[in-house]
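Sequences and hints are given; from them, build the entire structure.
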Amino acid sequence: MRRTLVLVVLVAAGVAALQAQNVTFDRISHPEKEPQNWLSYSQNLFNQRFSPLTQITTANAKNLELQWVWQSKSLEKFEATALVVDGVLYTLQGPPQQGVYEIVALDATTGRPFWTLDYRPALEARPCCGRVSRGLAILGDTLYMGTIDAHLLAIDAKTGKILWDHTVEKVGEKAIEKYAITHAPVVIKDKIVVGIAGGDLGVRGFICAFDAKTGNELWRTYTVPAKGEPGNETWSGDSWKTGGAGVWNSGAYDAETNLVFFGTGNPAPDWDGRERLGDNLYSDSVLALDADTGKLKWHYQFTPHDEVDYDSTQVPVLADIQWEGRPRKVMLWANRNGLAYVLDRTSGQFLLGKPFVKVTWMDGFDAKGRPIRIPGQVPTPEGSIIRPHVLGATNWAPPSFSPRTGLFYVAGWENSGTIATEGKFPGATGIPNGTPMGQATLTPNFKKEEEGFGVIRALDPHGLTRKWEFKMNDITWAGVMTTASDVLFGGGKEGYFLALDARSGDLLWKIALGGQINSGPMTYSVNGKQYVTVAAGSSLFAFALR
Amino acid sequence: MRATVFSLLAIAGALLAGGPLLAQHSTAQDIEDGGRVFRNTCANCHGPDGNEVAGIDLGRAVFRRAKTDQDLVQIIRTGVAGTAMPASDMSVAQAEQVVAYLRSVAATKRSASAVGSIESGRALFEGKGSCRSCHRVDGVGARLGPDLSNVGQLRRAVELETSVIDPGKEILYNNRTYRVVLKDGTAVTGRLLNLDSFTVLMLDSKETLRSFDKANLRDFGFVDVSPMPSYKDKLTAQELADVVSYLVSLKGKAN
Chain P
243 MRRTLVLVVL VAAGVAALQA QNVTFDRISH PEKEPQNWLS YSQNLFNQRF SPLTQITTAN
303 AKNLELQWVW QSKSLEKFEA TALVVDGVLY TLQGPPQQGV YEIVALDATT GRPFWTLDYR
363 PALEARPCCG RVSRGLAILG DTLYMGTIDA HLLAIDAKTG KILWDHTVEK VGEKAIEKYA
423 ITHAPVVIKD KIVVGIAGGD LGVRGFICAF DAKTGNELWR TYTVPAKGEP GNETWSGDSW
483 KTGGAGVWNS GAYDAETNLV FFGTGNPAPD WDGRERLGDN LYSDSVLALD ADTGKLKWHY
543 QFTPHDEVDY DSTQVPVLAD IQWEGRPRKV MLWANRNGLA YVLDRTSGQF LLGKPFVKVT
603 WMDGFDAKGR PIRIPGQVPT PEGSIIRPHV LGATNWAPPS FSPRTGLFYV AGWENSGTIA
663 TEGKFPGATG IPNGTPMGQA TLTPNFKKEE EGFGVIRALD PHGLTRKWEF KMNDITWAGV
723 MTTASDVLFG GGKEGYFLAL DARSGDLLWK IALGGQINSG PMTYSVNGKQ YVTVAAGSSL
783 FAFALR
Chain Y
6 MRATVFSLLA IAGALLAGGP LLAQHSTAQD IEDGGRVFRN TCANCHGPDG NEVAGIDLGR
66 AVFRRAKTDQ DLVQIIRTGV AGTAMPASDM SVAQAEQVVA YLRSVAATKR SASAVGSIES
126 GRALFEGKGS CRSCHRVDGV GARLGPDLSN VGQLRRAVEL ETSVIDPGKE ILYNNRTYRV
186 VLKDGTAVTG RLLNLDSFTV LMLDSKETLR SFDKANLRDF GFVDVSPMPS YKDKLTAQEL
246 ADVVSYLVSL KGKAN
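Those sequence lines, one after another, are chains P and Y.
Just so you know, we're using this note's numbering here: the first sequence kicks off at 243 and counts up by one.
Just so you know, we're using this note's numbering here: the second sequence kicks off at 6 and counts up by one.
Among the hints, a few may not be true.
[Claimed, not checked] To be clear about the criterion: a stretch of chain Y counts as covered by chain P if any three or more of its residues have a C-beta under 8 Å from a C-beta of chain P, and this derived list gives those stretches:
(1) 34–40
(2) 174–184
(3) 189–201
[As the list claims (entries may be wrong)] Only pairs whose alpha carbons sit at most 16 Å apart, straight line, appear in this in silico EDC-like list of lysine to aspartate or glutamate:
(4) P:Lys-713 x Y:Asp-229
(5) Y:Lys-256 x Y:Asp-143
(6) P:Lys-537 x P:Glu-459
(7) P:Lys-709 x P:Asp-743
(8) P:Lys-483 x P:Asp-521
(9) P:Lys-690 x Y:Asp-229
(10) P:Lys-416 x P:Glu-366
(11) P:Lys-709 x P:Asp-748
(12) P:Lys-275 x P:Asp-328
(13) P:Lys-752 x Y:Asp-218
(14) P:Lys-713 x P:Glu-692
(15) P:Lys-431 x P:Glu-459
(16) P:Lys-403 x P:Glu-344
(17) P:Lys-752 x Y:Asp-201
(18) P:Lys-690 x Y:Asp-201
[Stated by the list, open to error] Sample of chain P residues at the chain Y side, in silico, Cβ under 7 Å:
(19) Gly-382
(20) Ile-661
(21) Arg-745
Quick caveat, the hints were computed from the structure, so don't treat them as lab data.
Beta carbons: idealized from backbone N, C-alpha and C, even for Gly.
If you want it as structure tokens, here you go:
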């Protein structure tokens, strides 16, 4: 009897060790088979940020308590979502000016580092909006990381040694040479797919795929078509050459159609469309690309000829739902422009669009799903007030979809507006203390509700109606996550980490973490114990039930 | 020489008249943002009214070198070699906002016409005005209102005058007043120090730091009326000028 037990334990340990050695694409594609792990940026390739774990429930979430903290050296915004593979947690923090990235492998139960890797990007790297990274990817025993100087790194997950360091594009001194990668790479079969940021500086964006083993580039698709390509006619003159449309958030993948989906950023220059007349394709769009070739299969543009900065780089969320009485493969999208969308992800067909915050720049859609603009709601010489704000109704913070509740959860801002003047950086209206970019440390809040507030909203894709909302006094740059026990985790600029009932929005638990939350929560399990982590300030915090 | 003087006057006149030199497209927001940058950066040497460097009166568009607004933007960004005017890291847009602010200053009147006495103003501030029952200067006085130890470095005379006679006209967001009502009906009013989804932090009227859990409150909200009384009918024109002169003289102690 004893012998059998020992054997069983040995076999179990052996299996765990074997798994840890090889994160196959099949494992990444089927995270539901190993709910204890978190193998890609938003848990699954549909970006639902939904975990099958159920130990933490709406009844016991009040018993969550701190397990460990990992503190980084950098006071950059800590935007990464961690990965967990069989008890090992991998994460990274962006570099301060002239400083280094920190990439770490931690014991997911104690927070103790197995190894730490420092990586120094080129001094020429000057991304427009934060020296951040939103996460790593893993395939096999290799971690993948994009950098603010547009390198793609392969790192040995066991040792933290760099296996190869590929220059995706050389960063130079000119603004249009400030190529950067700030999002977690996407693993598709044997490829690593990343997008290039820098659109605000006039970098012409692109999405590219690399051989996971060698780092060789396999395909590259520009987000702004060149002369002679379809869509180039939507740019006046040579404006397409510096058209922007950067890519700075992770994409989604649908194996059934072999399509990879990425959102694209604003056209450049941001706040002045006079020199880039036309719709400016494919800025502020979602692109569906053949994952093997990079060929564009379809696109949908959320904000044609954007002059406010409504990047559409939110992570695409894919879901299979009932739609008008039959199953439909859809894409859910809460956009920086204030509108929520349901698209058919096989064809790009527009199914529904509706504001999820106050929107003043458009009123309704035409039959093809093109927004109908309200005259005058564009930047003017005198300045005009446009809602939502330049930083958006939501931004990059990842949303969640729960197949259990059927609800789409979005962290956003309400009552925020922008004063848009031709060619000038927009001023914030109502929001005290200027433009409310996120930062690591806490800032005092004196806002009245009419000056802007943060909110987590649960939207029913059918009709995009609001099922509940949870309001916060200050705005939020934190993502949300849901679990199969109907717990939603979120947070905000105030530094509270929150657990809500995903069906009602009722507050279950909260804790003040002493720094702004600029990341998306994630969860994992080791030895039967469920943990939930979130980065706040410059640290990563892990919680579990007491 | 005369031609030069004439052109300077002409430029000054154009600016005072809201002429077309610069920022004809500036918005109220530009001016506000420019003012913030000016107070944080330029006012350290030029003073809040822009007239503390000899031969230069930014608020009246009197410059040594600049002839156009583009010149001003250039000087703000690159400084003036061989002088105390340093380069800055401002963008063109920010520099333009500062210039837009200076234009707006040039278009408004200066403070009271009467010449004030700093000493008389101090006496009024500390005596008849009872200003120290709410305000603090160099460590003396209450903490309920804004500390005025360096207000002369931060605000222009005309702004200070407005604050004395019409205190509610502009209340900076970090000087807001908040009121909570406890479950037992007790009301507490104070200076708001921080507000979040769950708590209210304030300095109450007894200068006690208070933290309230919103779940334990019957009511809470902003008080939009300034707790400061207007001194419009309480001070003579001369007294008002004296108080403003005293406030302007408060430049803070050297660090």
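Status of the hints after comparison with the structure:
{"no.": "1", "hint": "34–40", "result": "holds (count 4)"}
{"no.": "2", "hint": "174–184", "result": "holds (count 3)"}
{"no.": "3", "hint": "189–201", "result": "holds (count 5)"}
{"no.": "4", "hint": "P:Lys-713 x Y:Asp-229", "result": "violated (22 Å)"}
{"no.": "5", "hint": "Y:Lys-256 x Y:Asp-143", "result": "holds (10 Å)"}
{"no.": "6", "hint": "P:Lys-537 x P:Glu-459", "result": "holds (15 Å)"}
{"no.": "7", "hint": "P:Lys-709 x P:Asp-743", "result": "holds (12 Å)"}
{"no.": "8", "hint": "P:Lys-483 x P:Asp-521", "result": "holds (15 Å)"}
{"no.": "9", "hint": "P:Lys-690 x Y:Asp-229", "result": "holds (11 Å)"}
{"no.": "10", "hint": "P:Lys-416 x P:Glu-366", "result": "holds (9 Å)"}
{"no.": "11", "hint": "P:Lys-709 x P:Asp-748", "result": "holds (12 Å)"}
{"no.": "12", "hint": "P:Lys-275 x P:Asp-328", "result": "holds (13 Å)"}
{"no.": "13", "hint": "P:Lys-752 x Y:Asp-218", "result": "holds (13 Å)"}
{"no.": "14", "hint": "P:Lys-713 x P:Glu-692", "result": "holds (13 Å)"}
{"no.": "15", "hint": "P:Lys-431 x P:Glu-459", "result": "holds (15 Å)"}
{"no.": "16", "hint": "P:Lys-403 x P:Glu-344", "result": "holds (13 Å)"}
{"no.": "17", "hint": "P:Lys-752 x Y:Asp-201", "result": "holds (13 Å)"}
{"no.": "18", "hint": "P:Lys-690 x Y:Asp-201", "result": "holds (11 Å)"}
{"no.": "19", "hint": "Gly-382", "result": "violated (43 Å)"}
{"no.": "20", "hint": "Ile-661", "result": "holds (5 Å)"}
{"no.": "21", "hint": "Arg-745", "result": "violated (20 Å)"}
Of the numbered hints listed earlier, those contradicted by the structure are 4, 19 and 21.
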